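*Asks:* So the sequences go chain by chain: X, L, B and E. Residues in the first sequence are numbered from 2 upward in steps of one, following my numbering. Residues in the second sequence are numbered from -9 upward in steps of one, following my numbering. Residues in the third sequence are numbered from 90 upward in steps of one, following my numbering. Residues in the fourth sequence are numbered from 16 upward in steps of one, following my numbering.
Rather than coming from a laboratory, the hints here were simulated on the basis of the structure. From a predicted model like this one, the values you see are computed outputs, not experimental measurements. Every residue, glycine too, gets a C-beta built ideally from N, C-alpha and C. Errors might be hidden in some of the hints.
[As the list claims (entries may be wrong)] Footprint (simulated), chain L over chain E, 3 or more residues, beta carbon under 8 Å:
no., region
1, 60 to 70
2, 130 to 141
3, 216 to 226
4, 290 to 302
5, 305 to 313
[What the hints assert, rightly or not] According to the in silico footprint, chain E covers these stretches of chain B (three or more CB under 8 Å from chain E):
no., region
6, 188 to 200
7, 237 to 245
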Amino acid sequence: MAKFKGVREAFAAALTDLAVEGKDVYGVFPDSLSAMRAIAFGEKFPERYVECGIAEQCAVDVAAGMATTGAIPFVGSYAGFLTMRAGEQMRTFVGYTELNVKFAGFNAGCMGGEREGVTHQFYEDIAFVSSLPNFKIFTPADGNQMYHAVKIAADIVGPVYLRGGSGKEPTVFPEDAPFSPDGITVCKDYGTDAVILSCGHVLDRVIAAADLLKAQGINVTAADINILYGDNPAKILEVMAKTNLVVTVEDHNINGGLGSYISRLATENRPVRVKRIALEDYSESGAAKDLGDKEGFSPENICAVVAKTLGK
Amino acid sequence: METAALQKVARRVRFEAVRMIYEGKEGHPGPALSCADIVATLYFDVMNIRPDQPDWEDRDRFILSKGHGCPIWYATLNERGYNNPKVEHFHLRELGSIFQGHPSMHSGVPGIDMTTGSLGNGIAIGAGMAYAAKAHHKDYYTYVICGDGEMQEGVTWEGVNMAKGRGLDNLVVFVDNNGFQSYKTIEFTIGQNNMADRFRAFGWHTQEINGHDVEQIKAAVTIAKATSGSPHAIICRTVKGKGLSYMENNNKWHKGVPTEEQWEITKRELGGE
Amino acid sequence: MEVNLKEMCRTVREDILTMIHAAGSGHPGGSLSSVEIMVALYFGDVMKVDAKNPDWNDRDRFILSKGHVAPVLYSVLARKGFFPVEELGTLRKFGSILQGHPHKAHTPGLECSAGSLGQGLSVANGIALAFKKLGTGQRVYCLMGDGELQEGQIWEAAMFAPQQKLDNVCAIVDYNHVQLDGTVEEIKSLDNLPARWNDFGWNVIEVDGHDVNALVHAFKLAALTKDRPSVLIAHTVKGKGVSFMEGDCNWHGNCPNAEQLAQALAEVRGATS
Amino acid sequence: MSVKKIPMRDGYGKALLELIAANPKVIALDADVAKSTRSGWVKDKFPDNFIDMGIAEQDLAGTAAGLALGGMLPFTSTYAVFMAGRAWDEIRTTICYNNLNVKIAGAHAGISVGPDGATHQALEDVAIMRVLPNMTVVCPCDAEETRKATLAFAKIDGPCYVRFGREAVPVVTDETTPFELGKARLCREGSDVAIIACGAMVYESLEAAKVLADENISAEVIDLHTVKPIDVDAVVAAAKKCGCVVTAEEHQIFGGMGSAVAECLAKNFPAPQEFIAIQDTFGESGQPQELMDAYGLNQSSIVAAAKKVIARK
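Produce the entire structure from the sequences given, and follow the hints as far as they go.
*Replies:* Written out as structure tokens, the structure reads:
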């Protein structure tokens, strides 16, 4: 297994390992090879490196065309340039056609794009992809999870969207922890005063919040949601069934992401209060930690929201 | 196939295309008729295909980028033997019919290599197929028919750039240059109608022909196949609604259904042998 | 106030290097290649702007399409007096008026946010069209990178401006031949670039993008051209002025360390061109 | 009994003519489908206030942004599937991030587009637009409400999106019906179940309420035309009063009006909810009403959902 650190290198490492294993995978890049940390992949497998230039719609179309021949193309770029610039191509030529194309969208969230500023931070992607039938959405929390997610994506026949941040996110999962097929991994199980659900690279903050709350005598369950809008949310519902307060934390717009998904699961199955911590406006340039704290993802703020909502 | 026989096929698929629109009561006859000779020549002379084995992996690929012209594609596939038994009534655009308003590769029509309908994407998708052919060491060709209106979509030029950059000489693109788009003429909309200059400027091997002359279509493909190193554009001067006196160069037939009276004219002008 | 243009170019280069070093990240290569273009526009008596009144209604407009070269724009705006030069030290920091990619609401003198490539020319066309409709004589300038010409939207916009006879648009291509992943020729060739623009209906002016006086002259020529938009194809060198950055794609988005900064500043200050 | 039917897009075209007659800075842009969106009416009557951008949706959005920056008031229109799908990056980064005064109309939205098939049926556009800060999203119920929404857009500063279908749909409002952006409209009072609808589903919901009344079930019907910003007070009040909610929309189940209501309920007043929407699948060709029936977007499915959700109380 190739060595890696963070979600981007994990993506490139998994892609390289898949090619080494003899899978007919390709990396389709709209001038994003180095941003995807995939230069070594391109050098090792030049014929599997498909350069499309700064032309995201073209890249998605090219991947669709390749997939009709049995190839397994991975389109790697920034989350928004794929979902926003080439959204219609993802919808009509990959979703509707049910073609076997995989997408890896990075710089997701304000912490994913950090100092680049809003044009390179993407917090709308899940809202869009979740509205596309036939797509699966994977939101690995760290590099180790991303590596497994890419390998699993390659084995699934059909479109998969993988969401990743900057590559500098903290590692939370052990190397060999599987990418949960249930869409949920309980990380802390202190009690059922509240359930805090996390999506992607805010997981370390959610876990820290659970510990802080425990010290205050509030016992919560903290879990990572790694598959959104999956076929079988039974395990997620099981965890939600134990509590009267669910808090969601995600580096995505407050509309259309994890919080929206969980709200719908709640009203459709067992109505329970859902408090969403997410972005309500465009963010700005800055270091990831500062931005995360400002946008309400600090363990202290998560903690305060839970305590306040519980009236404690 | 002999020229006379090809012309006969083109006439028959024209009639069938208009018939399915007449029976289905909706569709785009003008854009279908302008590319009839190209589609017929590709399926009956040029392409290496097996109608009884539509998924044969070494087949030449075809994309109708101007998906709204699909009645001509449906009629040609039917005529070529892709549907077994042959389809009598297409039920175009009706609920439950395999013949969708814009072609779908999953609706059940044998021989549809790619879903289309959203304009501008055919060249980039064709480039993907052509790239995969090279990567898999296959020698099939990918043929694309584009409308001239969809040259206004930026993604067209992204695909043009990509195919040139990767040297995809196994990609052949026909531009059905009938001079009209949905609303008005190409010149009205963007001022110029110089498709060939643009493809040349982007580095493509470019030819200009009469898109209703099957001999010229055949010859252009032969020349394209003999030229390596860059993708091929064949700019076809065509007439929107070609073959029906009441439709030719009348853009009201971009979308429309013949009246009973016009259907009688259609039968006279295109029916029979 | 008479400004020594070459002196100003040196100052702007120093600003770019210093602020990217202080920020810890940024895009020096493309910023350095655009220095003379930006200095000619803002200090060469080309654009009508009022630094004391950034929202002056009658000002000419500048749209930065290649948003990642914000440092060169920030430096020129600061030196022109739109905001204090000291602000340059806050680039990309939390709470700064100088976002990593420019945003209209944050920075005085900025007309539009940028950073998602390929969109600027459409915006410039829209502003120019509004000026035509409102009967004002203002001009609109738009700086693009060569790499972003791979975005299809650029070619959509390139078709629109000639159709609308937008002679108040002047586009500039910073033709430095290098993009993020390598040279433009490797990624997707742009050969025949002047012919491509010409075939889309533009008045094409080729110019040495590091000769600030030639640039000023070219902008004046463009302003005299009636009934069609102009594009300056400015031949430049990525990373211009710093020997170890010139022509190297690794300096597209990389930050010089202290030692590299010292050497770069010495080279820039020593330049006599 | 025959119901009067008018396509919503007629309301859009009418409003544009009214706006331009009053303000010459209003300008309509279209991407080669002006006849369909009714912006063609502007072309016929006020040719100087109309621009055909050709088949180039991204350029359409970018040019509109520039026109707004230059002091005009642009109203852009094309098919919703191309507007939202192909020009999303431009709408997000150039229009919404700059909070530019660009108005956007997505025509041919929903599955009732009919025979053109799935490539032309926009079922995701509300999700796409709702997630953008600064954006107002309206899904009117008939031609008159479309007209009023379009007129209302001209009165607020900032990006707005209105979606409408292709077919002639029943008229449920008239010139005197009140309309305010961001304020849900109570169409029928009830106490057993609240049916919150938008677009053409408002009419279906009203019909469903009549059927339910025959079975002694009292249904409240709310026209939630403004999906964003959502009228929290109205949604919560209805849920409190009735104890359960059915949402009905001609859009994918994920991300649309139903999701917005779910977010609102889960946050403020958790209550059982059933979703009438497209169930995470693409459409197909067919006649509009056939498709609405086949995909469960009609009064009988609303009736069934109402009974189901009442049982969950």
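*Asks:* Counting residues of the region 237 to 245 of chain B whose CB is closer than 8 Å to a CB in chain E, do you get three or more?
*Replies:* holds (count 3)
*Asks:* Using a Cβ cutoff of 8 Å, are there at least 3 residues of the region 305 to 313 of chain E near chain L, or does the coverage claim fail?
*Replies:* holds (count 3)
*Asks:* Holds or violated: the region 290 to 302 of chain E covered by chain L, criterion of 3 or more residues with Cβ-Cβ distance under 8 Å?
*Replies:* holds (count 4)
*Asks:* Check, residue by residue, whether the region 188 to 200 of chain B contains three or more positions whose beta-carbon lies closer than 8 Å to a beta-carbon of chain E, and give the verdict.
*Replies:* Per the Cβ count (4), the hint holds.
*Asks:* Is the listed coverage of the region 130 to 141 of chain E by chain L valid when you require three or more residues with a beta carbon under 8 Å from a beta carbon of that chain?
*Replies:* holds (count 6)
*Asks:* Taking 8 Å as the Cβ threshold, is the statement that the region 216 to 226 of chain E is covered by chain L upheld or broken by the three-residue rule?
*Replies:* Coverage by chain L is violated for the region 216 to 226 of chain E (0 residues, Cβ < 8 Å).
*Asks:* Apply the coverage criterion to the region 60 to 70 of chain E and chain L: a residue qualifies when its Cβ sits closer than 8 Å to a Cβ of the chain, and three qualifying residues are needed.
*Replies:* holds (count 3)
Violated hint for the displayed structure: number 3, the only one.
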